[in-house]
Amino acid sequence: MRAFFPTALLIAAIPLAAQHGRYLNESRHPSIGKPEAIAAGAKLFSASCTGCHGPDGSGGARGPNLVQRALWHPLADEAIFNAIRKGIPGTDMPPTNLTDDQTWNLVAFIHALTGPASEQTIPGDPSAGKQVYASSGCAGCHAIRGEGALLAPDLSNIGGSRPLPVIREAILEPSKDLFYLGSEAVSVTLKNGRKLEGTARNRSNYSLQLIDKAGNLHLLRMNDVKEMAIRATSPMPGDYAKRLSKDQLRDLLAYLAAQSTR
Amino acid sequence: MRYCLLLLASAAALMAQVKHEDILKGPRADWLTYAGNFQGWRYSPLTQITAANARMIAPKWVYRVPDAKRLASSPIVYDGVLYITDTNSIYAVDARSGRQIWQWADPRAKSQGVNRGSAILGNRVYLTTADNFLVALDRRSGGVIFMKKFADEKKGTTSTSAPLIVKDKVIVGSAGGDSGMRGFVAALSADDGHEIWRTYTVPARGEPGSESWGDLIEWGGGATWLSGTYDPELNTLFWTTGNPWPDFAGATRKGDNLYTCSLVSLDLDTGKMKWHFQFTPHDTHDWDAQSWPILVDTEINGKPRKAVLHANRNGFFYALDRVTGEFLRATKLIDNLTWAKGIDAKGRPIEIPGQDPTPEGNWVCPSVKGATNWMGQSYNPLTGLLYVITLEQCGRYNMSSQVPKPMSNFSGGGATEEGGQVIIRALDPKTGKRAWEYPVTGAGRMWTGTVSTAGGVLFTGDDDGHFVALDAKTGKNLWHFNMGELSTASPITYSVDGKQFVAIASATSVFSFGLFEPADPATPPITTVVK
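As they're listed, the protein sequences go chains A and B. Per the numbering used here, residue 1 is the first one in the first sequence, and the count goes up by one each step. Per the numbering used here, residue 1 is the first one in the second sequence, and the count goes up by one each step.
If you are wondering where the hints come from, they were derived from the structure by calculation, not from laboratory data. Please note: incorrect hints may appear among the correct ones.
Okay, the calculated beta carbon distance ranges per label pair [to be verified]:
hint : chain 1 : residue 1 : chain 2 : residue 2 : range
1    : A       : Pro30     : B       : Asp67     : 26 to 32 Å
2    : B       : Val62     : A       : Ala232    : 27 to 33 Å
3    : A       : Arg194    : B       : Lys167    : 33 to 39 Å
4    : B       : Ala16     : A       : Ala232    : 41 to 47 Å
5    : A       : Arg194    : B       : Glu299    : 53 to 59 Å
6    : B       : Val529    : A       : Pro30     : 48 to 54 Å
7    : B       : Val529    : A       : Glu173    : 44 to 50 Å
8    : A       : Glu173    : B       : Thr441    : 56 to 62 Å
9    : B       : Asp269    : A       : Asp125    : 41 to 47 Å
10   : A       : Thr99     : B       : Val62     : 49 to 55 Å
11   : A       : Ala128    : B       : Asp168    : 54 to 60 Å
We treat Cβ as the ideally placed atom computed from N, Cα and C, and that holds for glycine.
Put together the whole structure using the sequences plus the hints.
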């Protein structure tokens, strides 16, 4: 069976579930968001935590990824504080003897590491990044504030809803992580002979909700579909690591990190 | 490539979009504005479901709204997509299958609170967040087009109502009146959210009407937490206003407290108040006027009138001339009414002395929830009847002697709600008299609205989670379905591919119903997974 995917079909596999964010119960502790506390926490982290959690918090053999978790449920800062202080029984995470201030510094660092990119200080030039965004064809699939296409996840609030490492990974390794329903590229042939392709915003054995490249929604009964091809991996091109220079990537990340609707 | 882009642009331009004229026509297959039409009728011309075949109604799908606990949203429907809101969030659902197409949520919103619905124009759906952002999203993808702040939550204002879109304006209201704030209605640009006008419902010091207040005028309330209605011919908006603050302690605000507990008529282009009518001067029972101002041309007192009908929480059913604001008539909406003998010739209540809240508590009917409330009423032009959810309930009203402090959850006292019977009443606008009534089962909570159709059916809820269909002419029960939890929202009706659906939100989910059809066994397509 022929697949109907044009090579220009770029769809990022940024997990929709991440839109829940993690600050439903925002901590009011004064260390959170305070640059000195974050810097002090970073020192503590590199001295004591990187052995298990990796230098950027992305996990290692003994400790989980702190930045990108499979389930993106909100985690209160108090819960992180308690995990550092008391450890997590039954795991390799030990209790610590850090003072309250030290522990809050560490929480402030982890909060910053895993918090929305728009709230962090990000290196790079956002206006140069905007040019990279335009010249790399991102708007062929993504939209920012109504500008662009509707096939791939909307990026208007990408910096306001995702930590920087998550955005970086979505660009460089789009098919690495769980591939979520809502971003699947599909093509279908209907029983009446009509062919459609685009993104399955949802599908079941009984219905298919498809948005095409022109932004039309097709709300189909599966009984009207004769053939369907589903792409197993993200249709977002996997070669941006090669295509973009280091500076271009840094600037693109700075531009995306600045995209916040608040 | 350039050719491709041009082709795309022209295809996009040709795609269906919602125009003002579409909303103006009122519901057909779609349901484009909170109350169905600008006149606030919650009436649909759809006729597939009738009083004769309503016994064949069956559930078609249920959509569980993620994390929802107490939905108060009335859906809108356009081009086969149903939009339902919850606190700081909105969900687009395939209106035929109930499957989610997209969701948008703002976990960074700085307030929580109920949300009553969305609005649609062009390719955008609009809602407000509890911390007073107007949000415009692409109706197809849920992508943000703009978010624009229109009020400050730090001044006690929050936002709960569905926006009303008229022409190029998004009309928004304000909530938070029970804790001190200054109510307003504002017109924002549908294009980018900028403010076009804002009309306060409590005057500033020195302005006309400010003499009806005391020292707390800056926090006087008069919230506008329900959408309003619109008369295209008069180019006029009709909006109701909430109670004065502190709710139960009137001593600090001697006077009528204009323009609280009122109906105000506003020019669409400028927001200028054309007239106001105050139902409950100097309210001390939290009887907001938040119940629908319904626009009907009918004969009243033997004379044809452009009327606005309004069933008020204070227990009376009013008819006003909507051109001039002239009081035409008031009749009793409920039987248990102890605070006023009636309404005088100018429309002012003839109050019975000694009905204010006291430190010991004062027994008054109706209760603090009022004789009716914000749930959608329905006017059916074929039966000529207005359907109103009413509550026969009394309560004990207490007054606090504490010094009022704004934004501290202080309302000047409190009130109990004891027992209570919800009754759906069909009222004749010509006379104000009841054509029929239908007492429902339940605990006297009263939060399910109505929709009625040209098929002669009135859809509403019992007070205990049953969704019911009644004969719109007689009030006879035709059908019922147990949703398993109380509904605090109003139903709508729509059609997809010629099939009529009726949808309502329960506390956690949207239910959609239609006429029974035998099952259609699934024949899955030949599926290939492309590596």
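Broken hints, by number: Violated hints: 4, 7 and 11; rest satisfied.
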